[in-house]
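In case you want the letters, here they are:
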Amino acid sequence: GAVVSQHPSWVICKSGTSVKIECRSLDFQATTMFWYRQFPKQSLMLMATSNEGSKATYEQGVEKDKFLINHASLTLSTLTVTSAHPEDSSFYICSARDEAGGKTGELFFGEGSRLTVL
Amino acid sequence: DAKTTQPNSMESNEEEPVHLPCNHSTISGTDYIHWYRQLPSQGPEYVIHGLTSNVNNRMASLAIAEDRKSSTLILHRATLRDAAVYYCILPLAGGTSYGKLTFGQGTILTVHP
Chain X
1 GAVVSQHPSW
11 VICKSGTSVK
21 IECRSLDFQA
31 TTMFWYRQFP
41 KQSLMLMATS
51 NEGSKATYEQ
61 GVEKDKFLIN
71 HASLTLSTLT
81 VTSAHPEDSS
91 FYICSARDEA
101 GGKTGELFFG
111 EGSRLTVL
Chain G
1 DAKTTQPNSM
11 ESNEEEPVHL
21 PCNHSTISGT
31 DYIHWYRQLP
41 SQGPEYVIHG
51 LTSNVNNRMA
61 SLAIAEDRKS
71 STLILHRATL
81 RDAAVYYCIL
91 PLAGGTSYGK
101 LTFGQGTILT
111 VHP
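Protein sequences appear in the order of chains X and G.
97 is the number that our numbering gives to position 97 of the first sequence; each next residue is one higher, with no gaps.
52 is the number that our numbering gives to position 52 of the second sequence; each next residue is one higher, with no gaps.
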């Protein structure tokens, strides 16, 4: 079945540094990918929609200059957390849909990337 | 996404069937019903989806009420690996927004040995 892979699975960084998380669709093309954030004991919250070849669409309250999204190819979207602070520590998850599945089929999620900012 | 309501938690014993309910009284005629589950420290995993008819796959069955205002995810024989948070979601149908999911709190399923 279709697979979405994230890298790294976990990362620890110092406050003030930037961290890049990759999301790849391994065996299908995805013009649209989605980035979610999940804090402990909470549900997933959509951060932004990543669009191949164009700017990402951010949800209300999500700082686009802090969470940079690049979707340079049909199989790769990246999320860069810039100038990370401890409050950015979270579980970041991406998802994608197989375009061939149409607009009603299953969605595929990455394994998640756990970011800890010291 | 149309709103869904699920119980906060449910418990089951291993190898027994589990019925996870979901209410979606404001569902529209074109809304598909999706179920995903999230195991600890992992991304969500697709379980099953349907529109009107009951659906079966290797993981589970989905029973959809005739008026479509509720549905039930059925795990025929729960295993310890089925312990997870189960989310019932009605994604926006069609358009570029498809895939943009609104996650509720889901149902935490605990499976006892």
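In case anyone wonders, no lab produced these hints; they're calculated from the structure.
Don't take every hint at face value.
[What the hints assert, rightly or not] Cut-off 27 Å, straight-line C-alpha distance, at most; resulting in silico cross-link-like pairs (DSS-like, lysine-lysine): (1) K64(X) to K69(G); (2) K69(G) to K100(G); (3) K100(G) to K41(X); (4) K20(X) to K100(G).
[Claimed, not checked] Label-pair ranges, simulated between beta-carbon atoms: (5) S5(X) to L51(G): 24 to 32 Å; (6) S53(G) to A100(X): 35 to 43 Å; (7) G16(X) to L51(G): 27 to 35 Å; (8) M59(G) to K55(X): 34 to 42 Å; (9) N56(G) to A100(X): 20 to 28 Å; (10) G16(X) to N13(G): 26 to 34 Å; (11) N13(G) to G53(X): 45 to 53 Å.
Heads up, the beta-carbon is just placed ideally off N, CA and C, and yes, glycines get one too.
Each hint tested on the structure:
For the hint pairing K64(X) with K69(G), the CA-to-CA distance comes to about 37 Å; that exceeds 27 Å, so the pair is violated. Between K69(G) and K100(G) the CA atoms are separated by roughly 22 Å; this keeps the pair inside 27 Å, and the hint holds. Restraint check: the Cα-Cα separation between K100(G) and K41(X) comes to about 21 Å, which is no more than 27 Å; the hinted pair holds. About 22 Å separates the Cα atoms of K20(X) and K100(G), which keeps this hinted pair within 27 Å; it holds.
Taking 24 to 32 Å as the suggested C-beta distance range, the pair S5(X) and L51(G) conforms, at roughly 30 Å. A beta carbon spacing of about 23 Å between S53(G) and A100(X) contradicts the range 35 to 43 Å that was offered as a hint. For the hinted restraint 27 to 35 Å between G16(X) and L51(G), the CB-CB distance of approximately 49 Å leaves it violated. The hinted range of 34 to 42 Å is satisfied by M59(G) and K55(X), whose Cβ atoms lie roughly 37 Å apart.
Checked against the hint of 20 to 28 Å, the pair N56(G) and A100(X) passes, with Cβ atoms roughly 23 Å apart. A hinted range of 26 to 34 Å is violated for the C-beta pair G16(X) and N13(G), which are about 50 Å apart. Roughly 51 Å separates the CB atoms of N13(G) and G53(X), a value that falls within the hinted 45 to 53 Å.
Of the numbered hints given earlier, the model fails hints 1, 6, 7, 10; all others are met.
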